[in-house]
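Q: From first to last, the protein sequence lines are chains A and B.
Using my numbering, the letters of the first sequence correspond one by one to residues 1 to 157.
Using my numbering, the letters of the second sequence correspond one by one to residues 1 to 545.
Simulated crosslink set (SDA-like; lysine to any residue; CA at most 20 Å straight-line):
{"#": "1", "chain 1": "B", "residue 1": "K245", "chain 2": "A", "residue 2": "V133"}
{"#": "2", "chain 1": "B", "residue 1": "K160", "chain 2": "B", "residue 2": "N335"}
{"#": "3", "chain 1": "B", "residue 1": "K230", "chain 2": "B", "residue 2": "E256"}
{"#": "4", "chain 1": "B", "residue 1": "K231", "chain 2": "A", "residue 2": "Y13"}
{"#": "5", "chain 1": "B", "residue 1": "K248", "chain 2": "A", "residue 2": "Y13"}
{"#": "6", "chain 1": "B", "residue 1": "K69", "chain 2": "B", "residue 2": "I43"}
{"#": "7", "chain 1": "B", "residue 1": "K390", "chain 2": "B", "residue 2": "T99"}
{"#": "8", "chain 1": "B", "residue 1": "K297", "chain 2": "A", "residue 2": "P49"}
{"#": "9", "chain 1": "B", "residue 1": "K297", "chain 2": "A", "residue 2": "R64"}
{"#": "10", "chain 1": "B", "residue 1": "K248", "chain 2": "A", "residue 2": "S12"}
{"#": "11", "chain 1": "B", "residue 1": "K297", "chain 2": "A", "residue 2": "G15"}
{"#": "12", "chain 1": "B", "residue 1": "K302", "chain 2": "A", "residue 2": "R18"}
Covered stretches of chain A, going by a simulated chain B footprint (3 or more residues, C-beta under 8 Å):
{"#": "13", "stretch": "116 to 122"}
{"#": "14", "stretch": "127 to 141"}
The following residues of chain B were derived to be distant from chain A, with all beta-carbon distances above 12 Å:
{"#": "15", "residue": "E90"}
{"#": "16", "residue": "G138"}
{"#": "17", "residue": "D263"}
{"#": "18", "residue": "Y380"}
{"#": "19", "residue": "D381"}
{"#": "20", "residue": "L513"}
{"#": "21", "residue": "R520"}
Since the hints were made in silico from the structure, they are not lab data.
Just so you know, these numbers come straight off a predicted model, no measurement behind them.
By construction, the Cβ of each residue, glycine as well, lies at the ideal position given by its N, Cα and C atoms.
As a plain string of letters, each chain reads:
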Amino acid sequence: MKEELLRRILSSYKGRKRDLIPILQAVQANFGRLPEEAMLRIARFIGIPESEVYSVASFYTQFRLTPLGRKHVTACRGTACHIRGAPHILREIEKAIGIKEGEVTSDLEYSLETVACIGCCALAPCIRLNRDVYGEMTPEKVKELFPASDEGEQDVQ
Amino acid sequence: MSNRRCTILVCQGTGCISGGAEQIFSSLEEEMARLNLEESVQIKRTGCHGFCQRGPLVIIEPESIFYSKVKLDDVPDIAQSFLPGGKPLEHLFYHDPVTGEPIPHYGDIPFYNKQERIVLRNCGHIDPEDIGDFLALGGYEALRKALFDKTPEQVIEEVKRSGLRGLGGAGFPTGRKWEACRMAPGEEKYVICNGDEGDPGAFQDRSTMEGDPHSVLEGMIIAGYAIGAKKGFIYVRAEYPLAVKRLKIAIAQAREEGFLGKDILGSGFDFDIEIFQGAGAFVCGESTALVLSIQGKRGMPKPLPRPRTAEMGLWDKPTLLNNVKTFANIPLIINRGWEWFASRGTEKSKGTAIFSLTGKVANCGLIEVPMGVTLREIIYDIGGGIPGEKAFKAVQTGGPSGGCLPASFLDMPVDFDSLVTAGSMMGSGGMVVMDEDTCMVDVARYFLDFTRRESCGQCIPCRLGTEQMFEVLDDITKGRGRPEDIDLLLELSDAIAHGSLCALGKTAPNPVLTTIRYFRDEYEAHIDEKRCPAGVCRELTKEKS
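Isolated chain A, as found in the complex:
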């Protein structure tokens, strides 16, 4: 199944060196991350050393080796967001979903990362939940978006 999907992704490229980043993006879009086997296959497909694929994958912030949560939270740490309290919002989100920046919950429900700038600076501070942007965030809005899970409540006890 996954093998087939990977084959199909690769077959839509010519295997030129310049295809590397678009292929990595397509694989990540479909698999949620860059699995090691996929990177090996990409290296063979393009005809470059595996280390080079890894070198590119680890250089750009977009790429990840670990899976995302079903609800992927991106907290903006752009300048406008920072000035308007983004660090505080990030702490609130970490509290609400129980993981730190860069982590994924063990049940893969949530993942949390920060990003340089979402480009919605006029609505700072803003965050993104999957594809949707939420602006003018407040601790109350964080609580609405991320209601405390049962597990979280037990942790508090």
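Based on these hints, arrange chain B on the given structure of chain A.
A: Frame of chain A, contents of chain B only:
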């Protein structure tokens, strides 16, 4: 088609979408159909109007009535207002924050009427997914003019004379770059549009690509003709999915209409454009890094001395790399002539400047002003001043490569050179206003945190220097500052600025240098009194209480 009486423009910029503009659009369509108003009222989706903070925005033409903060619940009332005897809805008008007076018309709102929206003229007024809208406003006429009335040399001459400058640190003259690329030997050449916008705090490229993608394409095609290229790339950051989507649509439409592809408009000129999605690296704003990134490599700048990208760029071929705004200006210059363009702005900075005005300012959004307006006009007249009766402290321009300017610069005319003289820069056009509740040491720490993360790691001054500067700043904000730290920061700044390989490192100390230069007392309060005057640094405010 145009026997319709009114048009409702519903902004579908990223900001307004986050406020529910998509639902408002579809609900309006349903409601108009229900009231049998489809014939007399047209509903249109547009790109960003710029006044993102007041979104979702709805504008009614031809009267130019401006509704802000529109909610889904308002839709039935809006629809009803188009029935015979219906009146505009006063509660949706923009209300002047000072007088409380309602301002019904778009052009009367201070946020808009002090601006000169030239590059952004179409943003918010046309449907970015419909080439017909763009054509109706004279779109692609500049391309026709360039292809049939001008030689490539004449096009370059026009751009040179206009005085248009690029958005890199020094504001390099665009025409000279084009000329260098045309003169560079080689059959194969490339045009690249930099839409990566890695600067945190800036979204003008995003809005232009989302709101008026064809202007960017038209500028690129003209550039291709001028320098003799057949192929162009738009490098867009992956965080901008809507920009990617709209550019894809625009490219397909332009191909269909014969503005892109083989034998454009029968002129014999071939040119096509491909989108490349960046994968997230601030350093790819540097030309040699961006080019390597398209080639499928790590985006690491090439060491000096090296040939210029205009001579040896993508796959070692001559490559013209300009920003989104630069390309969007080109059709205007060709259509209206260099004299028109050069008559705007200051002596050495022509045309307009686009800023993403954000932070502690009443009216946040995307603004376009003639070069040479003062910071005070931008922040107080257009931006509406500092909310909450707080005092202005500083304005940050140019992102991580720029600096923070204090109140004494408020009456400085803003252009490329004045900003550099003051220790900052134009850069990608971020303008973040800070009030008395902003800690300048924390701001410096914030920027160094950014640059140390984004350093490509290739050269030691940048890799280790930004890290060490960050640690010193972190210590100061946590109450562990030592009296010699300020001198240490200055010394490190000097070493990094002189020793780094590319502009990321060379400019990384700017936020630190300007905050020390203009706000030294805040550093001293942190270090000597273990006190954060703005009450931001948690460790220090805790100690105080």
